[in-house]
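Using the sequences and the hints given, assemble the complete structure.
First to last, the protein sequences are chains D and R.
Residue 291 in my numbering sits at position 291 of the first sequence, and the numbers go up by one each step.
Residue 36 in my numbering sits at position 36 of the second sequence, and the numbers go up by one each step.
These are calculated hints, taken from the structure and not from any lab test.
Bear in mind that the values here come from a model prediction, so they are computed numbers and not experimental data.
There may be inaccurate statements among the hints.
To be verified - So the derived list for chain D, only partly shown, Cβ under 10 Å to chain R, looks like this:
hint, residue
1, Gln13
2, Phe14
3, His95
4, Gly97
5, Lys99
6, Tyr120
Every residue, glycine too, gets a C-beta built ideally from N, C-alpha and C.
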Amino acid sequence: MTSAVRVPRLIEQFERGLAAPICLTWELTYACNLACVHCLSSSGKRDPRELTTRQCKDIIDELQRMQVFYVNIGGGEPTVRPDFWELVDYATAHHVGVKFSTNGVRITPEAAQRLAAGDYVDVQISLDGATAEVNDAVRGAGSFAMAIAALENLAAAGFSDAKISVVVTRHNVDQLDEFAALAERYGATLRITRLRPSGRGADVWDELHPTAAQQVQLYDWLVERGEKVLTGDSFFHLSALGQPGALAGLNLCGAGRVVCLIDPVGDVYACPFAIHDRFLAGNVLSGGGFDNVWKNAPLFRELREPQAVGGCAGCGHYDSCRGGCMAAKFFTGLPIDGPDPECVRGHAAPALGRQRDVPRPGRDHSRGGPVPLTLTKRPCNESPV
Amino acid sequence: MAVDTARQAFDPARSWRLHPRVALRPEPFGALLYHFGTRKLSFLKNQAMVTVVQALAEYSDARAACRAAGIEDGDQAPYLHALGLLAASKMLVAGDRA
Chain D
1 MTSAVRVPRL IEQFERGLAA PICLTWELTY ACNLACVHCL SSSGKRDPRE
51 LTTRQCKDII DELQRMQVFY VNIGGGEPTV RPDFWELVDY ATAHHVGVKF
101 STNGVRITPE AAQRLAAGDY VDVQISLDGA TAEVNDAVRG AGSFAMAIAA
151 LENLAAAGFS DAKISVVVTR HNVDQLDEFA ALAERYGATL RITRLRPSGR
201 GADVWDELHP TAAQQVQLYD WLVERGEKVL TGDSFFHLSA LGQPGALAGL
251 NLCGAGRVVC LIDPVGDVYA CPFAIHDRFL AGNVLSGGGF DNVWKNAPLF
301 RELREPQAVG GCAGCGHYDS CRGGCMAAKF FTGLPIDGPD PECVRGHAAP
351 ALGRQRDVPR PGRDHSRGGP VPLTLTKRPC NESPV
Chain R
1 MAVDTARQAF DPARSWRLHP RVALRPEPFG ALLYHFGTRK LSFLKNQAMV
51 TVVQALAEYS DARAACRAAG IEDGDQAPYL HALGLLAASK MLVAGDRA
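Dropping the structure here:
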């Protein structure tokens with residue numbers, strides 16, 4: 001706002017951390033009716049230690065005191081918690097706005113009407129293909145139809161501006177215009193985010209992450225047509241492809257500084273893509289509450305210190321991408337203080353080509369064994385809890 | 001273009017206040033504003049700006065609020081510009097003080 005007054009750049013202020021997160025993701029359950037191949041949280045089965053309704057409300061009270069203006073609720077599939085709507089109502093009544101991500105399973109006509117009647121809740125429907133063929137290969141049979149039914153119910157109820165949330169992959173990057181058209185059809189906004197090698201995503205990242213040529217294609221699309229497209233600032237690793245500032249948003253890793261994750265059992269991680277002991281800051285039940293974890297956890301304090309530039313030291317583009325995504329580096333076995341695995345200058349290629357020690361995800365709530373990439377008849381179990 | 005229109009619409013000789021659905025959260029660098037209606041965030045990048053915005057409703061015009069925060073008339077331009085941007089994004093609304 002006051003650019004004429006000499007103060008450190010906002011990005012530098014953010015890197016030192018804030019009094020409370022701006023973007024807090026709260027995963028309410030590990031239970032999910034789907035078994036997406038790239039699930040960040042390896043969800044499937046409910047964890048028996050998941051927070052009770054009372055414990056969730058205590059967290060909301062604390063978020064209100066900290067003035068966390070909104071939470072991004074996810075999972076698992078958050079709407080399968082029996083107290084989901086009760087918690088949404090409790091949060092909005094306590095001035096904590098809610099944005100929730102869903103695969104659409106419980107967005108019935110009645111739920112859509114309920115959402116349309118309110119004003120504090122944003123809804124994000126996940127879709128990873130603009131066609132059933134592309135989507136269902138990743139999210140499971142029937143999941144495209146389920147998401148479209150949810151969008152239709154929302155539109156019919158008069159709910160305006162739903163979000164269609166897309167993880168960009170090698171197979172859907174050519175469909176960006178089709179996604180935009182789909183959003184237009186339902187009066188929705190398109191949101192696209194980066195595929196992370198986190199959770200089950202680690203198992204499919206090699207096959208699904210966009211190729212170098214597709215990264216350029218994605219960047220060009222964002223610059224040319226992305227004005228109304230939300231990205232959660234997740235493509236800052238592409239910044240070095242063009243002029244600084246060409247991509248909207250804060251180009252920095254906000255982990256533990258402006259962003260964090262509360263998982264279904266109350267564990268606090270540095271970001272939603274980092275469910276692993278290495279990035280575990282504490283627990284809201286045992287760590288003196290969320291406020292104390294956020295302010296005092298040694299991990300978060302460390303992340304708010306100036307970070308080593310390491311292998312990126314010699315690169316003239318460091319100011320653009322700032323080394324990229326910490327979680328993407330960690331889960332591909334690359335050094336944290338070096339280039340992102342999808343470094344657009346190609347600086348990660350030598351390290352990716354060498355023998356790497358790839359860490360396993362910290363928690364796995366998958367139902368059964370690994371989830372194969374193309375299962376055409378994967379069952380769509382609607383009763384996971 | 002939107003900004004030009006907004007600049008015309010922002011009159012520093014009038015009284016202003018935060019939109020009733022905007023919350024202000026103090027931060028080490030200044031403060032964060034969040035509008036529960038538009039879902040937009042804004043940043044107040046220093047303490048003087050925070051003081052101005054918090055006191056705005058108590059004064060009959062924006063210049064007086066700046067003066068009260070210790071910003072003399074000759075130094076007010078960047079602050080009035082910033083207030084104009086906040087008004088353009090509906091973070092501020094016209095106040096009722098004469």
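Comparing the hints with the structure gives:
{"no.": "1", "hint": "Gln13", "verdict": "holds (4 Å)"}
{"no.": "2", "hint": "Phe14", "verdict": "holds (8 Å)"}
{"no.": "3", "hint": "His95", "verdict": "holds (7 Å)"}
{"no.": "4", "hint": "Gly97", "verdict": "holds (6 Å)"}
{"no.": "5", "hint": "Lys99", "verdict": "holds (8 Å)"}
{"no.": "6", "hint": "Tyr120", "verdict": "holds (7 Å)"}
Checked against the numbered hints given earlier, this structure breaks none of them.
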